[in-house]
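Line order of the protein sequences matches chains P and D.
Everything in the first sequence is counted per this note's numbering, starting at 1 for the first residue and increasing by one.
Everything in the second sequence is counted per this note's numbering, starting at 244 for the first residue and increasing by one.
Keep in mind that a hint or two might mislead.
DMTMM-like mimics (lysine to aspartate or glutamate), calculated; alpha carbons at most 25 Å apart, straight line [what the hints assert, rightly or not]:
#1 P:K118 - D:E501
#2 D:K263 - P:E185
#3 D:K318 - P:D91
#4 D:K355 - P:E37
#5 P:K15 - D:D252
#6 P:K220 - P:E37
#7 D:K355 - P:E95
#8 P:K110 - D:D408
#9 P:K110 - D:E501
#10 P:K118 - D:D408
Keep in mind the hints are simulated off the structure, nothing from the lab.
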Amino acid sequence: MTALLEISSVGMEYKVRHGLFRTFHHTALSDISFTIEQGETLGVIGRNGSGKSTLLELLTGLIRPTSGTIRSPLGAVTRSLLTLGLGFRTDLSGEDNVIVSLVLQGYSRKSARQLVPKISEFAELGPFFYEPVRTYSAGMRARLGFATGTHSNVDLLLIDEVLGVGDIEFRDKAEATMIERMGSEQTVVFVTQAPQQAARLCNRVLWLEQGNIRELGDAKEVANNYQQASRPSTAAKEQSARR
Amino acid sequence: MSSIFRLLDIIDLQARAKLKAEASRLYLSYLWWVLEPMLYVLVFYIVFETLLNRGGPNFVFFLMCGKIPYLWLNKSIVNSGGALFENRGLIGRIDVPKIIFPYITLQEMLYKQWVGFLVLFATALYFDSSITLNWLWLIPVIVVNYLVLVVPSLIAALLVTWAQDFRILIQMGMLFLMFVSGIFWDINDIQNEFWRDFLLTANPLAFLIDSYRKILMYNQAPDLIHLAWLALAFAIMIVIMHRIYELLRYRLTRLVLEA
């Protein structure tokens, strides 16, 4: 296997500005090293505030780490982040959003237009597809985002907790698509709160805790350990055992 | 190279999508493109011709020559201010050069401005001037006009992304500019030669408005040497702004995402 991205000693510190002179420092990630192999599906799990979203932003290339390096040995890697919070211009229609996204993700205008019906069908939005995104429910936005993301033409697809939304039927469809993409050459990094899902879908899982890697390895093993540690009683026992 | 074409494609695609979205929100839709400049003519007509009885028969035409280019500049700069925040969704998903976002706004304004210019030319024909060869000078004047408004628009997008407070300053600045660009008065009426030349040199908009009037009202060619210098100076500034955006690429992403 060849490495798509090499992450070495990456740290990320935020400086948040309040007003003119007051700033607030926060370390989101400290000294993280691992590699993303070409074609693998890597799951990232961890509690809220463990640095998962920051890691995704760094891997997407949106921001640069404050320390350490992210190298791509094979040359430029095109990438796109699929996320729930942001994603669309709410004043534009679903259709226009899809076309703009696809062109940004490497399609020509013509091939983007050809893909539109397929995405529209996958997202199951019906006539809403031609309405402004501001009229969509959260589930509809997520469906549109997922449909666009999985049809993108990028080397590395990063997914931030979007698989958990939508009704059960769509969730199943989304998982099936994920599994299909995993079988292909697509490299995927995906963040989830559900360890069982990570165990099901991923080759490897990375467990983040307070900005550090707690564990990285076989998906089932790490997901299991994470689940054990997350149960409050177990965690308490563990802590007392350490003492 | 192909990536530049792709970015141009995205700029055009999104500008059109935005225009379509805006039109779909309004009952009169695309009709507003014509109505808006026409309403300005009407307001000026009522105030200056009917109420004040000022300035001779083609004073409204004189005003339109100033107001329509000014509106183009004004809308481009003010709307570019919010360009990066508006596209938070894309900025948070894909690493793209941030400079395309103010250009999307500029492209949107350019499409609308063509209608404004058509209204201006129709006004010109109504007030007894006819189309002459000199009208061809409009082409370089409009091109330079575009170069001149790109620079402050790119700066506005940077400043507002850095601190939203700049929106207020920009609006004040635009008001100031409206008064010193010779929209309501003729810059050639300034008796003091030094101040007249100073204003024409220091304020490119004043020079451009004067050029539009020379062509459309007086059937003259604009000052071509001055025009060429303007083009060169602003082209250089545009290149510098592109460098600055490239240097601030990641800083801007963080500013937008953390705001």
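The hints, checked one at a time:
no.	hint	verdict
1	P:K118 - D:E501	violated, 34 Å
2	D:K263 - P:E185	violated, 38 Å
3	D:K318 - P:D91	holds, 19 Å
4	D:K355 - P:E37	violated, 49 Å
5	P:K15 - D:D252	violated, 35 Å
6	P:K220 - P:E37	holds, 18 Å
7	D:K355 - P:E95	holds, 23 Å
8	P:K110 - D:D408	violated, 41 Å
9	P:K110 - D:E501	violated, 35 Å
10	P:K118 - D:D408	violated, 44 Å
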